[in-house]
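Peer 1: Following the hints, position chain E against chain C.
Residue numbers (the numbering used here), protein chains in the order written: chain C, 6 to 267; chain E, 6 to 267.
Take the hints with a grain of salt, since some may be wrong.
Chain copies aren't distinguished; within one or between two, either way the pair holds.
Derived PhoX-like pairs: lysine-lysine, alpha-carbon spacing no greater than 20 Å straight-line [claimed, not checked]:
1. 38 to 83
2. 236 to 154
3. 182 to 261
4. 33 to 61
5. 254 to 126
6. 154 to 25
7. 185 to 261
Keep in mind that the hints were calculated from the coordinates and are not lab data.
Each chain, written out:
There are 2 protein chains.
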Amino acid sequence: MIIVTNDDGVHSPGIIALAKSLSEFNIKVVAPKGAQSSTGMSITFHRPITMSRVSKNNYDAIALAGTPADCVFVSIHKLFKRKKVDMIVSGINLGENISMQSFFSSGTVSAAMSGSIIGIKSVAFSKVIPNTTELLTEREFRPAAEWAKRIVSFLLSEGFPPGVDLLNVNFPLKVTKSTKVQVTLMAKEEFEDYVVGRTDPRGNRYFWLAGDKIEAAEEGTDAYATLAEGKISITPISISSIQRESDRKVQDHFDKLVNTQD
Amino acid sequence: MIIVTNDDGVHSPGIIALAKSLSEFNIKVVAPKGAQSSTGMSITFHRPITMSRVSKNNYDAIALAGTPADCVFVSIHKLFKRKKVDMIVSGINLGENISMQSFFSSGTVSAAMSGSIIGIKSVAFSKVIPNTTELLTEREFRPAAEWAKRIVSFLLSEGFPPGVDLLNVNFPLKVTKSTKVQVTLMAKEEFEDYVVGRTDPRGNRYFWLAGDKIEAAEEGTDAYATLAEGKISITPISISSIQRESDRKVQDHFDKLVNTQD
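Just chain C, same shape as in the assembly (with noise of 0.2 Å):
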């Protein structure tokens, strides 16, 4: 069984997309009810969490008053069998998520996480969208989609890569059945003037999170530089991998503080 997920909602032309296109696989849709965009690992323990039914044209799925790891945690936990889930599949989001910044405050690649650090494999897919304030469509995605499926039913032959728990997928803004895909590192971002500040009527100041994001490709290898040049981004991630407990170097680092106590 796969779970499939987003945080742009459950009506979200990219969650649309990649619905129909697993159709063939045995999936169950569990979305949140609206946007949840850069809402990160947030999780719900202040207030109960509401479901409803959204019927599609080709599928049902669920909705859940709540954020994408909400999702993954009361399907998991509640909704299906854990052992029967085999990999949670998010996106397609609305947008890329190419740096560590946008990785980690991302509520699709977080649902996709939520996945991973209980153990069960998992994909964030991500899509540049074009500069227009025009409405979305399914169509848009379509593309991507197909290509989603051709990415999960490798993984579901060939398996993940040895440690690796996770891919963090990233399509460019055209996409055809011969792009090209590059395993790649993500991007290092630069922010300028990333926060506005201002002045309310009463002389109050408040803050705008936005401004001008500048991303610095790495030569052509990394995340920014792969979707510039209209291939597909893989970043194969090992989330257990950032704990450096075992480093002897880094234990050594500690003596003082450990063993100089009276």
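Peer 2: Below, chain E alone, put in the same frame as chain C:
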């Protein structure tokens, strides 16, 4: 300069104790106006973040109507010069953060991570709190705050271990000057009936994320066992190590996907 923040809000006894203990350093307290537990690395883009000033006994603080990650962003990109920020210190959180799940969903840890991912070293402090409904006071956190000062002093003079950009520090329930310190891995966490399903008076289903959390200690060496033994747990973290792009075996694994395109 040290930015002091948390996720329990600017009035939490945990941050008050921490700020007091660090008062001999050049600290700036910038914390959420209200409680922001379990918000992960959630970032506020959809509305402005209002600012107010809070005066405490020994220091002034800035309160932001946003998440812990927002506090770090506004601090680094607007309130202070990024180059002058030596460290982000977050906490002391009301309750321990010793599993991967709580690590990534904790606002306290995420504030620290928001620093780490842009190259500012950081420490997250959390503490086991008594299982009581009585109001916690600053006094409860004083011995832990003294240890926090000792750890911050150590880091300012000795630096962080090689490759480590974040320390996840957890204090046991009872802390004294002679409490032992241990370098740990985070605990494996098991959820038992983690999601509680209910039905409202109209017959609609809803869920509470709660239930019983069972933590399994790994033969006395992980963060859970360390706290249970009454020791302070320090888990060294290297955020960027989650990426596996340079691993040859990982690259090779994708050969079929990367090369068999027509």
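Peer 1: Just pull the numbers of the violated hints for me, sorted ascending.
Peer 2: none
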